[in-house]
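Each protein sequence line maps, in turn, to chains B and D.
One point on numbering: in the numbering used here, the residue at position 104 of the first sequence is 104, and numbering is uninterrupted.
With positions in the second sequence counted from 1, the corresponding number in the numbering used here is that position plus 114.
Hint data in this document are derived by calculation from the structure and do not stem from the laboratory.
Predicted model, so just to flag it, every value in this text is computed and none were measured.
Heads up, a few of these hints could be off.
[As the list claims (entries may be wrong)] Partner residues aside, some chain D positions facing chain B, computed with beta carbon under 8 Å:
1) G130
2) A145
3) Y162
4) I165
5) Q170
6) A195
7) G218
8) R222
[Said to hold, decoys possible] Residues of chain D clear of chain B, computed beta-carbon distances all greater than 12 Å:
9) R158
10) V166
11) N167
12) G177
13) K185
14) S187
15) T193
16) K197
Note that beta-carbon positions come from the ideal geometry of N, C-alpha and C, so glycine has one too.
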Amino acid sequence: AQSVAQPEDQVNVAEGNPLTVKCTYSVSGNPYLFWYVQYPNRGLQFLLKYITGDNLVKGSYGFEAEFNKSQTSFHLKKPSALVSDSALYFCAVMITGGGNKLTFGTGTQLKVEL
Amino acid sequence: DGGITQSPKYLFRKEGQNVTLSCEQNLNHDAMYWYRQDPGQGLRLIYYSQIVNDFQKGDIAEGYSVSREKKESFPLTVTSAQKNPTAFYLCASGSRQGRGYTFGSGTRLTVV
Numbered sequence: 001a002q003s004v005a006q007p008e009d010q011v012n013v014a015e016g017n018p019l020t021v022k023c024t025y026s027v028s029g030n031p032y033l034f035w036y037v038q039y040p041n042r043g044l045q046f047l048l049k050y051i052t053g054d055n056l057v058k059g060s061y062g063f064e065a066e067f068n069k070s071q072t073s074f075h076l077k078k079p080s081a082l083v084s085d086s087a088l089y090f091c092a093v094m095i096t097g098g099g100n101k102l103t104f105g106t107g108t109q110l111k112v113e114l
Numbered sequence: 115d116g117g118i119t120q121s122p123k124y125l126f127r128k129e130g131q132n133v134t135l136s137c138e139q140n141l142n143h144d145a146m147y148w149y150r151q152d153p154g155q156g157l158r159l160i161y162y163s164q165i166v167n168d169f170q171k172g173d174i175a176e177g178y179s180v181s182r183e184k185k186e187s188f189p190l191t192v193t194s195a196q197k198n199p200t201a202f203y204l205c206a207s208g209s210r211q212g213r214g215y216t217f218g219s220g221t222r223l224t225v226v
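Chain B on its own, in the form it takes in the complex (with noise of 0.2 Å):
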């Protein structure tokens, strides 16, 4: 069975600090990951996935995501935070085949401040 774990609950920076929101995974085979945001009272946006390649991931909004193997991690990623980043964000993972099902992390709350 697959699983995604995001430890933190809550994440806290200050603006124009780098801001990191932790995700691991457990797959048997090869993962697709992705990185969704959401705001509240709505449904939740796409950021940005890793399908094969490159381990660095850029996508919306200036975030990114570095795949590592090894560490069967998937952490998302901003040189600098915005006020207007704060929201909640879920990490989640597909496996080929089985209904390409999405299974979600718990979430974690970002709160950027000035």
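Chain D: place on chain B using the hints.
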């Protein structure tokens, strides 16, 4: 514009009632999914459908039912058998493997 529409945005249900949540997409996606979101638990898969007239149970299907009579539509019924239905429900659709999902804006269901 292509997208996925959920309605209503807010729904109130009395104890013992069945309610149906609507999900419609015009993205021509084959697959559709229903997730339930509770604080601190992330998203949990209720049902999914890869093609018309076929659907499979997800991780928490008990107390829910779905249908997929048209490619564009995947309604979810929350039955009286669901003991704790108060939650935020998200519908999603997807095309080819690896492309991820497009999500609707959600329906917040509250039992009164």
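Hint by hint, here is what the structure shows:
Taking 8 Å as the C-beta contact cut-off toward chain B, the hint placing G130(D) at the interface is violated, the least distance being around 27 Å. Using the Cβ-Cβ criterion of 8 Å, the hint placing A145(D) at the interface with chain B is satisfied: the shortest such distance is roughly 6 Å. Residue-level restraint check for Y162(D) holds (minimum Cβ-Cβ distance to chain B is 5 Å; threshold 8 Å). Below 8 Å, beta-carbon pairs count as interface contacts, and I165(D) has none with chain B, the closest being about 10 Å; its hint is therefore violated.
The beta carbon of Q170(D) is positioned within 8 Å of a beta carbon in chain B (closest approach about 6 Å), and the interface hint is therefore held. With a least beta-carbon distance of about 24 Å to chain B, the hint placing A195(D) at the interface is violated under the 8 Å criterion. Nearest Cβ of chain B to the Cβ of G218(D): about 5 Å, under the 8 Å cut. The hint holds. Interface hint at R222(D): satisfied, since its Cβ lies 7 Å from the closest Cβ of chain B, which is below the 8 Å cut-off.
Not every beta carbon of chain B lies more than 12 Å from that of R158(D), the smallest distance being close to 8 Å; the non-interface claim is violated. With 12 Å as the threshold on Cβ separation, the claim that V166(D) sits away from chain B holds: the shortest Cβ distance comes to roughly 15 Å. The claim that N167(D) lies off the interface holds: its Cβ sits roughly 15 Å from the closest Cβ of chain B, which is beyond the 12 Å cut-off. The beta carbon of G177(D) is kept farther than 12 Å from every beta carbon of chain B, the shortest such distance being approximately 20 Å.
No Cβ of chain B approaches the Cβ of K185(D) within 12 Å, the least distance being about 16 Å, so the stated non-interface status holds. The non-interface label for S187(D) is consistent with chain B: the shortest C-beta to C-beta separation is roughly 17 Å, beyond 12 Å. Every C-beta of chain B lies more than 12 Å from that of T193(D), the closest at about 23 Å, which supports listing it as non-interface. The beta carbon of K197(D) sits about 22 Å from the closest Cβ of chain B, which is more than 12 Å, so the claim that it is off the interface holds.
Going through the hint list in order, the structure does not satisfy hints 1, 4, 6, 9.
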